[in-house]
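S.K.: Once you've looked at the hints, dock chain B against the given chain D.
Order-wise, the sequence lines are chains D and B. Just so we're on the same page, our numbering is the position in the first sequence counted from 1, plus 88. Just so we're on the same page, our numbering is the position in the second sequence counted from 1, plus 88.
Hints are computed from structural coordinates only; laboratory data are not their basis. One or more hints might be untrue.
[Unchecked claim] Subject to a maximum C-alpha distance of 35 Å in a straight line, what follows is the list of computed DSBU-like cross-link-like pairs (lysine-lysine):
#	chain 1	residue 1	chain 2	residue 2
1	D	K191	B	K199
2	D	K278	B	K483
3	D	K497	B	K191
4	B	K497	D	K567
5	D	K483	B	K199
6	B	K191	B	K276
7	D	K191	B	K497
8	B	K276	D	K497
9	D	K271	B	K483
10	B	K483	D	K567
11	D	K358	B	K567
12	B	K278	B	K191
13	D	K199	B	K358
14	D	K278	B	K497
15	D	K191	B	K134
16	D	K95	D	K271
17	B	K271	D	K483
18	B	K134	D	K483
19	D	K134	B	K199
20	D	K268	D	K567
21	D	K134	B	K497
22	D	K483	B	K278
23	B	K199	D	K497
24	D	K483	D	K413
25	B	K191	D	K199
26	B	K134	B	K278
27	D	K567	B	K358
28	D	K497	B	K134
29	B	K358	D	K358
30	B	K567	D	K191
31	B	K95	B	K268
32	B	K567	B	K276
33	D	K134	B	K191
34	B	K405	B	K423
35	D	K567	B	K471
36	B	K391	B	K413
37	B	K191	B	K271
Number of protein chains: 2
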Amino acid sequence: MTFRAVKPIDATSYGIDIPENSRNEVDSFIAAAAVAAPALAQQSPKERAQLLREIATQIEASRATLIESACAETALPEARIAGEITRTTVQFELFARLVESGKHLGVVIDKADPNYSPAPRPDLRKMNAPLGVVAIFAASNFPLAFSVAGGDAASAIASGNAVVAKAHPSHPNTCAIVEKAIKAALAKCKLSQDSYAIVQGPDPQITHWLALHPAVKAIGFTGSEIVGRILVDLAATRPEPIPVYAEMGSLNPIFVTSSAIADRSEALAKGIVDSALMGSGQFCTKPGLIFAPNNPEFIATVKSHLATLAVAPLLSKSIAERYSKAISHLASQAKLEVASGISTEQGFGVTPTVFITDWATASQNPELLEEHFGPTTVIITCKEEEFLAIATSLKGQLTATIQGTDADKPESLLALLAQKAGRVIWNGFPTGVAVTTAMNHGGPWPASSSHTTSVGTDAIYRFMRPVAYQGFSQSVLPKALQDSNPWSVPQSIN
Amino acid sequence: MTFRAVKPIDATSYGIDIPENSRNEVDSFIAAAAVAAPALAQQSPKERAQLLREIATQIEASRATLIESACAETALPEARIAGEITRTTVQFELFARLVESGKHLGVVIDKADPNYSPAPRPDLRKMNAPLGVVAIFAASNFPLAFSVAGGDAASAIASGNAVVAKAHPSHPNTCAIVEKAIKAALAKCKLSQDSYAIVQGPDPQITHWLALHPAVKAIGFTGSEIVGRILVDLAATRPEPIPVYAEMGSLNPIFVTSSAIADRSEALAKGIVDSALMGSGQFCTKPGLIFAPNNPEFIATVKSHLATLAVAPLLSKSIAERYSKAISHLASQAKLEVASGISTEQGFGVTPTVFITDWATASQNPELLEEHFGPTTVIITCKEEEFLAIATSLKGQLTATIQGTDADKPESLLALLAQKAGRVIWNGFPTGVAVTTAMNHGGPWPASSSHTTSVGTDAIYRFMRPVAYQGFSQSVLPKALQDSNPWSVPQSIN
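Chain D on its own, in the form it takes in the complex (with noise of 0.2 Å):
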């Protein structure tokens, strides 16, 4: 069977039928990575920067195909696209600085000490080792960094796994390019072409094959909180259960004072509206809730902003449908107000749409609360006394803000929201998510399945697990480990 993207600009087909894979070619991927990973693992730091900085060159050295083809297949603009190729090679090289530097290994030694207590202590030293292969599942909204060569498969290559790569059936030809790219890498770097691998395909089975595999010791996955949790139950039904980290979304909601709103009204509401079209609205981290006082100024600059807005079509046709219908169920509700924008009607176009209703309402209507990917979000006015209370009953999220001045005395919300989300904000908006080591992208369920951050280079630390070697003499330990220190990493000696 072959398949073909689709244009959402046009709904026409675009590129080469991509043949899609069979059982018995995944299963072959997958044993075929199995088998080259030891040679990953065997890497030197130095060898594995080579290899990440290779990559960046290749994928660099594809940009304008890359380019063609990302805006083709996912209707996104040009710069965006760009962008996203250099967030991309950024993270390969803060990657490669980071296991250049031998800090990721995590080395500890503690050395004999016949009177450490309470019983004699024998010559202990722990690394980090990578867990052999992962499975990475892309995402369809970031064609690039967060897809076959993003930020799970940046981390997961860079702690030296083999991985094998689901490629989102929505840009199969831009996946297959980069999937280019990482082999010449490799060949360039003599390693296995079968360190790497794609599987292209709609059939959900896939799904299914990777995640069951023995092979598979960890799965990376930024997507639906629907797939996510598919991918959960699958790991946990395994005779041998295996982590999954999966970065499901989230609401971000949007406390704004009053004090802010005196303070900037009409850059706030610019701004909010802004931050949830962003990317025609299909970012992880748009804020979907925005809970503020009942100021009619603001509201109407929101409106008046958004009635000047359009947005490019969504990224698949079930996208936009689901999208579509959602927002036309949610408009034929009473007690919300409904404000559109400039309707996109070519390919997979929507209509940006944001809803204005209060707590009392909101509270009571929990498909509201849900997200909906696409251009939308809903204002909810309430009393800033309400905040804590309405904090109190939110699921985990990616992000919190609080929108104030210096006036406002947020301790306790922000208290509060860091109990609920992975990362908090003080006046600015969730969307842009910076790659470095500060950043955490999860949260707490459903935001994510796991304590860790799919963002930055704290991300490495997902697919590697703790070895101790006791006892060992210095010629037979882990160079990392030995105390001449071949490769000069960083050894934290008790």
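M.R.: This is chain B only, laid out in the frame that chain D set:
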């Protein structure tokens, strides 16, 4: 309903009638713990360290009653119980030192950078925060060191969580003494008595109530693979799945080279038997599979040494019955040579038993390659050339040991064992797990359910999650993240 402890030494009851907790009681312990949790999370490093040290002090103050109770409830010798008490207090002191240093908070500060690539970076600061309420399941085989104030509980408290701990029904009086000590420490530190509770009773439903309660955010468990799997499965069925840190035991294979036997046959044979019988063979690190060349002198020493040894009665009637049944079933099989120690007749006494066979036989007998809790091990003769194939066939292990000499080239076997085990050992025995930073107690499934350690200070990271703060002013930030660093915690600043 009430129940009583049973003394393994004579199968008579011990101590007071212990009320079994009802579902309502368990729910109310957890709900109260959730209310108490924020105050724990807000402690300064100094306050937390003070609590940990006060717990150690209170447990030490109960030493005499703990020894009396634990010796009666477990039949373990006094020196072992005394050592466990010391191990427990030392463990709290180690966590106190770590928490005092603030290192566990993992603070990373990335200051705003308008020139950051691919996009300007806001001020981002990340630290680890506790989860809320953690449920701990105590082990049967360590009435103190892996019980309601053992490594799991200590690391959960050290990271700032409220704890509800399921006492093992085989030593309920000992657990109650420990609970009293911890409650006294909470009172001294002016913290809510609800910050810590134990749950008593043999009803298996208690496990379900704890694992499924929505306020429980993580589970720590030390015990059998069967119960560990139940917990992993329960956690996965929750509307909000939670992590289960289960340490479920292991076969702890030892690979003995010919040169090791030539060098120290007698010491090796005795050392292996002693390690297998230590604590009546009731350690998760008991060596359960010994692969060695077929050396008649070595085997003869194993048998003659074993013949001189008896062990204390097992911990409970069910453990003793399961052991005796498995041993007599194995002993009835062809091609297995059976060697015995001295039988202990009273109470839950059993006969130490060593099986001797070859790899051709053992590889066809799955029962032989399972963990049998109690004073038994299996010596499997084979050729050294078979070691790699044998190691490849093994499941995940807590430990794997090579007994060799400098003349051996163990690199290939070591590399393979490091993939199978959490700790690899050279010329030592796996029993005895040092409580230190470089320890890793955990391993690939079924040794444990996560890529973490349950022993040593790194166990603390199981019960925390990162939270990033974006764009906040100094006065609003948590103290650990402020530029002025009032707690003097390590800050990694980029």
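S.K.: Now, for every hint given, state plainly whether the structure supports it.
M.R.: Now for the hints, and whether the structure bears them out:
At roughly 21 Å between alpha-carbon atoms, K191 (chain D) and K199 (chain B) fall within 35 Å of each other, so this suggested pair holds. Between K278 (chain D) and K483 (chain B), the direct Cα distance comes to roughly 31 Å. Compliance with the 35 Å bound is thereby established for this hinted pair. Note on K497 (chain D) and K191 (chain B): the hinted pairing holds, with a Cα-Cα distance of about 29 Å set against a maximum of 35 Å. Distance hint between K497 (chain B) and K567 (chain D) is fulfilled; the C-alpha atoms sit about 16 Å from each other, no more than 35 Å.
At most 35 Å may separate the alpha-carbon atoms for a hinted pair to count; K483 (chain D) and K199 (chain B) meet this at roughly 29 Å. As the CA atoms of K191 (chain B) and K276 (chain B) are separated by approximately 25 Å, the hinted pair is consistent with the 35 Å bound. With a C-alpha separation of about 29 Å, the suggested pairing of K191 (chain D) with K497 (chain B) holds against the 35 Å cut-off. With a CA separation close to 32 Å, the supplied pair K276 (chain B) and K497 (chain D) stays within the 35 Å bound.
The suggested pairing of K271 (chain D) with K483 (chain B) holds, with an alpha-carbon distance near 32 Å, which does not exceed 35 Å. Taking the CA atoms of K483 (chain B) and K567 (chain D), the gap is about 26 Å. The hint holds against a cut of 35 Å. Our distance criterion of 35 Å between C-alpha atoms is met by K358 (chain D) and K567 (chain B), whose separation comes to about 33 Å. For a cut-off of 35 Å, the pair hint linking K278 (chain B) to K191 (chain B) stands: about 25 Å separates their Cα positions.
Proposed proximity of K199 (chain D) and K358 (chain B) is supported: the alpha carbons are some 27 Å apart, at most 35 Å. A distance of roughly 27 Å separates the Cα atoms of K278 (chain D) and K497 (chain B); the hinted pair therefore holds under the 35 Å criterion. At most 35 Å may separate the alpha-carbon atoms for a hinted pair to count; K191 (chain D) and K134 (chain B) meet this at roughly 28 Å. With a C-alpha separation of about 27 Å, the suggested pair K95 (chain D) and K271 (chain D) falls inside the 35 Å cut-off, and the hint holds.
Distance hint between K271 (chain B) and K483 (chain D) is fulfilled; the C-alpha atoms sit about 32 Å from each other, no more than 35 Å. This hinted pair checks out: K134 (chain B) and K483 (chain D) have alpha carbons roughly 32 Å apart, not beyond 35 Å. Restraint check for K134 (chain D) and K199 (chain B): the C-alpha separation of about 28 Å stays at or below 35 Å, so the hint holds. A threshold of 35 Å between alpha carbons decides the hint, and for K268 (chain D) with K567 (chain D) the separation of about 33 Å falls inside it, so the pair holds.
Distance check on the hinted pair: K134 (chain D) and K497 (chain B) sit about 26 Å apart at the alpha-carbon level, within 35 Å; holds. At most 35 Å may separate the alpha-carbon atoms for a hinted pair to count; K483 (chain D) and K278 (chain B) meet this at roughly 31 Å. For the hint pairing K199 (chain B) with K497 (chain D), the CA-to-CA distance comes to about 23 Å; that is within 35 Å, so the pair holds. Proximity of K483 (chain D) to K413 (chain D) is assessed by CA-CA distance (about 24 Å); at most 35 Å being required, the pair is judged to hold.
For the proposed pair K191 (chain B) and K199 (chain D), the alpha carbon gap of about 21 Å is at most 35 Å, so the pair holds. Of the pairs offered as hints, the one joining K134 (chain B) and K278 (chain B) holds, with about 14 Å between alpha carbons and a cut-off of 35 Å not exceeded. With a C-alpha separation of about 33 Å, the suggested pair K567 (chain D) and K358 (chain B) falls inside the 35 Å cut-off, and the hint holds. Only pairs whose Cα atoms come within 35 Å are accepted, and K497 (chain D) paired with K134 (chain B) is accepted, the gap being roughly 26 Å.
For a cut-off of 35 Å, the pair hint linking K358 (chain B) to K358 (chain D) is broken: about 78 Å separates their Cα positions. A hinted pair counts as satisfied when its Cα atoms are at most 35 Å apart, and K567 (chain B) with K191 (chain D) qualifies at roughly 26 Å. Between K95 (chain B) and K268 (chain B) the CA atoms are separated by roughly 22 Å; this keeps the pair inside 35 Å, and the hint holds. For the hint linking K567 (chain B) to K276 (chain B), the alpha-carbon distance of about 24 Å falls within 35 Å, and the restraint holds.
Taken as a hint, the K134 (chain D) and K191 (chain B) pair is honoured in the structure, with Cα atoms around 28 Å apart against an allowance of 35 Å. Proposed proximity of K405 (chain B) and K423 (chain B) is supported: the alpha carbons are some 30 Å apart, at most 35 Å. Proposed proximity of K567 (chain D) and K471 (chain B) is supported: the alpha carbons are some 29 Å apart, at most 35 Å. A threshold of 35 Å between alpha carbons decides the hint, and for K391 (chain B) with K413 (chain B) the separation of about 22 Å falls inside it, so the pair holds.
Straight-line distance between C-alpha atoms of K191 (chain B) and K271 (chain B) comes to about 27 Å, which keeps the hinted pair within the 35 Å bound.
When each numbered hint is compared with the structure, a violation occurs for hint 29 only.
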